[in-house]
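Asker: Given chain U, work out where chain D should sit, using these hints.
2 protein chains.
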Amino acid sequence: MGTRSRDPRVLLDAASAGDRGALARLLSMIERGGDDARTVGRLSSAKGGTTYTVGLTGAPGAGKSTLTSATISLLRSRGIEVAVLAIDPSSPFSGGAILGDRVRMQEHATDPGVFIRSMATRGHLGGLSLATPEAIRLLDAVGREWVLVETVGVGQVEVEVAGKADTTVVVVNPGWGDSVQANKAGLMEIADVFVINKADREGVERTARDLQSALEIDEAMGAWLPPIVKTVASIGRGIEDVLVEVEKHRAHLLESGELAERRRDHLRLRVESALKQRVLATASEHLGLQSEIDGAFRDKVDPYTVADRVFAGVTRLGGGE
Amino acid sequence: MGTRSRDPRVLLDAASAGDRGALARLLSMIERGGDDARTVGRLSSAKGGTTYTVGLTGAPGAGKSTLTSATISLLRSRGIEVAVLAIDPSSPFSGGAILGDRVRMQEHATDPGVFIRSMATRGHLGGLSLATPEAIRLLDAVGREWVLVETVGVGQVEVEVAGKADTTVVVVNPGWGDSVQANKAGLMEIADVFVINKADREGVERTARDLQSALEIDEAMGAWLPPIVKTVASIGRGIEDVLVEVEKHRAHLLESGELAERRRDHLRLRVESALKQRVLATASEHLGLQSEIDGAFRDKVDPYTVADRVFAGVTRLGGGE
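From first to last, the protein sequence lines are chains U and D. To convert a position in the first sequence, counted from 1, into the working numbering, add 28. To convert a position in the second sequence, counted from 1, into the working numbering, add 28.
Chain U with its partners taken away, still in its complex shape (with noise of 0.2 Å):
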């Protein structure tokens, strides 16, 4: 029996305690967003900071769940907690590959070891990269070890939530360096590990030999040079492999002080967004920002000057105090 309560502090105490009801209406919370959101925000940064987040994306059909899927497999056997997020912007064309993508996830679900939650949109596009991160703070609140963070495609918002897991996973197949495909220089950009999955078809000593060589020529990248992992992840092999290459990245994160360096550019991003958010309502409820705006455009003033119109209202909101 779970708790009935909506007090976003029962429920945290709860779901710490293993009560998955509350557990998925505090990730509803977060989803909606406003004062609950803000709550549980408040609530999960006090808490947990051990959790590690795996980031899956690449193509759709690609193998991502299948994938996902064994990797539960393998943490369980070694008796770690996982939580699995599964990021499905909502879309006309995407409904069948979702539906097909978590029956693949359906062994797992009566494990309590295990947690799969699918986050949709809800209105807006931008709500994914903002509620995700909020999502996977209060996994990590609640002391999930391990959260996989799985996409659906490679579109912008997918590509965004996945490139800010701790270790980003690309998974591609054979033939991908032959094709002109969509976002490979975003993919390129947030791997850590890439994984050749369906590695027992054709092509795939060739798609290794683009990939290590595009990886050698990209002078963004730092110490860390990305392996390649192939596998098959219908038959579970090669997903061993990839999970040593998760830790040696990890390891490599955390000697280097770039884990801790790349959280706190998190939070930065994520403060930078609260604030925006803040100076916009604030300006729209107390310093009329939409009739600035409707007045700009029909005297056809330049956005700069209206911003610095704006921002000199707003430091001046505070004197009278």
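No lab work stands behind these hints, which were simulated from the structure alone. Note that the coordinates shown come from a computational prediction; the quantities given were computed from them, not determined experimentally. Careful, some of the hints might be misleading.
Unchecked claim - Each computed DSS-like pair below joins lysine-lysine, with the alpha-carbon atoms no more than 30 Å apart: (1) U:328 to D:75; (2) D:276 to U:304; (3) U:258 to D:328; (4) U:328 to D:276.
What the hints assert, rightly or not - Partial pick of chain U residues on the chain D-facing surface, computed with a CB cut under 8 Å: (5) 70; (6) 292; (7) 313; (8) 315; (9) 333.
For each residue, glycine too, the CB sits at the ideal point set by N, CA and C.
Answerer: What follows is chain D alone, placed relative to chain U:
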């Protein structure tokens, strides 16, 4: 002989009189950002307002550049002055494609009625999303009647930038509906006109039917149902039809009042982005934003609390004046 001045006012007058070197220098100022970019933005906003913007996007290899080039020829045959902004997010993979694309534009290189400019990122991807609308305003200010914004691929920034044109043309090929492709949802969202290029290839009717039904079931659609035009851009077939549909869409935007609405909406986004930069710059300079974030990271303070604290600091800045 063009002017050698570096004063934005002098350059803008020269560019308006047809000095291409002056126009190029103003565009570089916009790309670099900073005070010069703000000045160019201020000067540009006060002028113009008659330019029509058409975005062309689609996967690499779909034939966007050939279509753009054919569209330029058609517009020029009607005596219309055209500018092209080619959006090239820098990437180790796309170098070849960019060079290949630009070659197709060479036929217009000596026509003074055509101005072609590659917009590349300087440092960070977000730069293009900010610089491109400013570049459009500048081309508007110097009297270009049409601005075509062509992307290399369908990455995050490219779709965002192309989607902010007055009319967005999405270029696909026969068979598009069959293959699972990245960012399809993003393209469906922004398309005002669909072009099936290479329509002499097999599968064109099926692709048209698939697109048609996808468009019809999309509940997000408003009064405008994107038309589907078939072209073979390499031999100029169908280009007139594309322009007819673009003009129909333009008329629809004007009659429905949506054109003004879209442009006001884009101004709002630019104001918000300028305001955010202003707040962050001030918070960094006067309120120790970075040490606030460092402290929050150390003490596990949530981003909302940090944002509230910094915001309170901003509102008190003008109090002593």
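Asker: Now look at each hint and say whether the structure bears it out.
Answerer: Taking the hints in turn, this is what the structure says about them:
no.	hint	verdict
1	U:328 to D:75	holds (8 Å)
2	D:276 to U:304	violated (38 Å)
3	U:258 to D:328	violated (38 Å)
4	U:328 to D:276	holds (26 Å)
5	70	holds (5 Å)
6	292	holds (5 Å)
7	313	violated (13 Å)
8	315	violated (11 Å)
9	333	holds (6 Å)
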